[in-house]
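Student: Let's have the full structure, built from the sequences with the hints guiding it.
Taken in sequence, the protein lines are chains A and B. Be aware that the first sequence starts at 1, since it is given in the numbering used here, and climbs by one per residue. Be aware that the second sequence starts at 1, since it is given in the numbering used here, and climbs by one per residue.
FYI, nobody ran anything at the bench for these hints, they're computed from the structure. Nothing here was measured: the structure is a model prediction, and the numbers come from that model. Backbone N, C-alpha and C define an ideal beta-carbon position, used for all residues, glycine too. Misleading hints may appear alongside valid ones.
[To be verified] Some chain A residues near chain B, calculated using beta-carbon distances under 8 Å:
#	residue
1	Thr61
2	Val263
3	His341
4	Asp342
5	Thr345
6	Ile346
7	Gly349
8	Ala356
9	Gly357
10	His358
11	Pro371
12	Ala372
13	Lys396
14	Lys399
15	Gly403
[To be verified] Beyond 12 Å from chain A on every Cβ pair, some chain B residues (computed):
#	residue
16	Arg23
17	Ile37
18	Phe54
19	Arg67
20	Thr87
21	Glu90
22	Ala93
23	Gln106
24	Gly115
25	Ala116
26	Asp138
27	Lys145
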Amino acid sequence: MNSLAPRSDFPLLAANPGLHYLDSAATSQKPRSVIDAIVRFYETTNANPHRGAYTLSVQATDAYHNARVRIARFFGVVDPATLIFTRGTTDSINLVAGSYGRSTVRAGDEIVITAMEHHANFVPWQQLALEKKARLRIVELEADGTLELDRFRETLSGRTRIVAFSHVSNALGTVNAVREIAALARAAGAVSVCDGAQSAPHMRVDFPALGVDFYAFSGHKMCGPMGSGGLIGRRDLLEAMPPYQTGGDMIEFVRDSDTTWNVLPHKFEAGTPSAADAVGLAAACDYLDALGMDAVAAHEKTLLRLAYERLAAMDDVTIYGPVPEKRSGALSFTMTDVHPHDLATILDGEGVCIRAGHHCAQPLMRRLGVPATARASFYLYNDEADIEAMVRGMEKARKLFAGAPAPSVGEIAGASAS
Amino acid sequence: MDLDLSPNIQAMFQELILDHYRRPRNKGALPDADRVIPMHNPLCGDEIDLHLKFDGDRVSGVAFTGRGCSISQASASMLTEAVKGKTRAEATALWDRFHAMILGDQEAARDKSLGALRSLSGVSRFPARVRCALLAWDALKQGMKG
Ligand SMILES: Cc1ncc(COP(=O)(O)O)c(C=O)c1O
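Tutor: What follows is the structure, encoded as structure tokens:
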């Protein structure tokens, strides 16, 4: 099967025909149209948005505004002021934790997260709980790496203030039942925060239909520039929240002793925005919508099934996470005799880029009982040849390391040292 | 064994390295160690405890426990063989040479005094793996500080 998008759309892939890029869950490659949009902004429209009383600045302001409208539409959002531009998912979640969380969570309250969270959706809540003497509660996973709604039912209570969870796990690929979890949170009187870093790039996301109160995403994983991304929130919540950072652009009146805040979205966008990156991200939305997000999801599912079948047929491979039907396009695994880091190096020598490590999910790795896994992830420019190259590289690694001791957990040899 | 691997990869995973990985030397706790120095690489989860015993100024016993990739384990195993019997000053000098070699110093890579450790010189072409090769050596450096 072919890739969904031609490699020629992606300058880096076009320049490296032998490269098999299987790490899009970390960051995606960028299409020419996105790179061009950023260059065009700097070459034709560059001025500080919101600040100049001259035509060029107005054009920059318009470009920035239009980008917001375009990206909001990508997520089914009609009120663009409820899309706050951030540096990405990490920044968005810190915004919610630092603003909504700090102003509402009290001692004895509870914050609920899950055992599969990326550190970006784990540490901010843990730190908030520590600061407020609130209790952090972790919903554990089922054996197949999925989340059961009953575990949420058992964990949520009248003390729950915030329920934060990923739409799609970056380490396991599990797709979670966002609507149902959001409904449980609402019924408990809590707000829901959805980490969409791994869903926005890979499936159609309609924010109103998800029913969550906040949704965070990263531009760089969805064909957009690094350092771009956003937070979508319910207007009433955003309006009631205090600012996250203070400074230029986000103010209304600055008196000597106090300040009033600008309206949404500017209240949460202190300082000169990365307008060129917003424009680039809007171009990424154009690119993805032209292909169709349903087609993107279907393409990845086909690749995932193929890779899953190939790896499941290998006796020495352990796959983490659920069956293909319940997951998106990321596949974590280990090989009995080959450490993930060694595998990644050998694959690198074959032109295959995969991730090896804890995937910024140490709490999950502890639960899986492994220090690290290898992860291959798929996107619209991948094809069967990428999977075949990975499989060939794995076969070489297997032969090279045949007979090597398994990097077993907690191995301690006898006191043979002298 | 011809696996048609690229030259850089072959240079990295030499038979000697794989041998130390498969059959690590001095792996296990030193019951009467004077110092046990833990070191870990949070990026890939590699963990090593370096056990050191001193007789005056000399390293009289050295062993390690832990787990990790072939490079971190082989490097630790080779370290134990290279450092045993050395004075603190000698071990520190060895650390300097090894460190330079792993960071790509061509002259250090030809230095015969590094002995079997030279088989790890291929790591310098893989910046992502440098930390693996240095893990046990970082522990040694701490251990030499007294
Ligand atoms: C599930 C998940 N959450 C959060 C993040 C953090 O995203 P970023 O580094 O773009 O802020 C990532 C990506 O690394 C992720 O995969």
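Student: Lys145 of chain B: least C-beta distance to chain A exceeds 12 Å?
Tutor: holds (22 Å)
Student: Taking the closest pair, is the beta carbon of Ala116 of chain B still more than 12 Å from chain A?
Tutor: The claim holds: Ala116 of chain B sits with its nearest Cβ about 18 Å from chain A, beyond 12 Å.
Student: Check the non-interface label on Arg67 of chain B: least C-beta distance to chain A beyond 12 Å or not.
Tutor: Non-interface label on Arg67 of chain B violated, nearest chain A Cβ at 5 Å vs cutoff 12 Å.
Student: Answer holds if the nearest beta-carbon of chain B is closer than 8 Å to that of Thr345 of chain A; otherwise answer violated.
Tutor: Where the cut-off is 8 Å and the nearest Cβ of chain B is about 6 Å from Thr345 of chain A, the hint holds.
Student: Per the stated criterion, does the least C-beta distance between Glu90 of chain B and chain A lie above 12 Å, as a non-interface residue requires?
Tutor: holds (20 Å)
Student: Against chain B, is Gly357 of chain A within 8 Å by beta-carbon distance?
Tutor: Holds. Min distance 5 Å.
Student: With a cut-off of 8 Å, does the beta carbon of Lys399 of chain A approach a beta carbon of chain B closely enough for the hint to hold?
Tutor: holds (6 Å)
Student: Is Ile37 of chain B truly not at the interface, in the sense that its beta carbon sits beyond 12 Å from all beta carbons of chain A?
Tutor: holds (15 Å)
Student: Grab the minimum C-beta distance from Ile346 of chain A to chain B and call the hint holds if it beats 8 Å, violated otherwise.
Tutor: holds (6 Å)
Student: Given Ala356 of chain A was flagged as interface, is its beta-carbon under 8 Å from a beta-carbon of chain B?
Tutor: holds (6 Å)
Student: Confirm or reject the statement that Phe54 of chain B sits farther than 12 Å, beta carbon to beta carbon, from all of chain A.
Tutor: holds (15 Å)
Student: Given His341 of chain A as an interface hint, is the shortest Cβ-Cβ distance to chain B below 8 Å?
Tutor: Hint holds; His341 of chain A Cβ to chain B Cβ min 4 Å, cut 8 Å.
Hints 1, 2, 16, 19 from the list above are not met by this structure, while the remaining hints are.
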